[in-house]
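Chains A and B, in that order, give the protein sequences.
19 is the number that our numbering gives to position 19 of the first sequence; each next residue is one higher, with no gaps.
103 is the number that our numbering gives to position 103 of the second sequence; each next residue is one higher, with no gaps.
Bear in mind the hints are in silico, worked out from the structure with no lab data behind them.
You can trust all of the hints, since none of them are fake.
Calculated pairs, DSSO-like style, for lysine-lysine (alpha carbon to alpha carbon, straight line, at most 27 Å):
no., chain 1, residue 1, chain 2, residue 2
1, B, 44, A, 1
2, B, 44, A, 71
3, A, 57, A, 17
The structure displayed is predicted, hence computed values, not measured ones.
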Amino acid sequence: KNQVEQSPQSLIILEGKNCTLQCNYTVSPFSNLRWYKQDTGRGPVSLTIMTFSENTKSNGRYTATLDADTKQSSLHITASQLSDSASYICVVRNMGAQKLVFGQGTRLTINP
Amino acid sequence: NAGVTQTPKFRILKIGQSMTLQCTQDMNHNYMYWYRQDPGMGLKLIYYSVGAGITDKGEVPNGYNVSRSTTEDFPLRLELAAPSQTSVYFCASSMMGEGYEQYFGPGTRLTVT
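Bound-form chain B, shown alone:
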């Protein structure tokens, strides 16, 4: 099993550009999550999904969109990149919700200039 994979690993965007961060898991987990990690700060939840076709906002959803058409994939869309979105983005998945371990991908380092 590859676990949780994310692409790309690094990306530099200009202000106003758009991009999609890809996330795929091969563990047949129902729950998937997107977090951002800013330097010296804890991970902040952007969006999460409890199954295909179901998504919900987390703590910091503004400026982002998600979709979940399959169990495996959970892409994160940035429509109009802003410098405040410079961060490291982590995708995670878990079998169920409460009490279950989350498995994280390797992260995508995004810089918006």
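Just chain A, same shape as in the assembly:
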């Protein structure tokens, strides 16, 4: 069954600290993986996309990794800011499918 599991479910850290969010998937055949950021009361916004051949990709303070062999991805946030407080959603696409498999998200809270 195609599934995407994220951990932890929620995380609280202090402003300025780093954190890493995890995403494990069983979606096959794999096409790509996106990380979305969803602010409270808003729709998700794409942070980065990872394809099969990519291991690491950075977008400012966000760095995503992908291990296609173990079917794992991580999102590392460096020097967190209060505005990073949001839910982070991992989304995996099947090869050839128009539909996506969404993880349940990690709720990140940055405290001052």
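Following the hints, put chain B in place on chain A, whose structure we already have.
Relative to chain A, chain B alone:
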């Protein structure tokens, strides 16, 4: 560009009532989607459309209907509201299908009592 807009933002329905959730995009995207997001769960695809006049069921279509008469608009219809349809509904669009980013609207929070 406004992107993807949804109305209303909030709505409370009584059991058995009907309503239409509106979704409009101004990016000339061919693909449009409706999702629901329940607390602590991932987004679930209700219906999607690959172009005007073409719609298809997603993972959880029961209790909903859609139409796509124009490229811009993709309304979602609830005919007989049930408490199980209490959720946050997101509309999204993308230029093409696979590999392309989906742009989401701000969501509609629906409560059925």
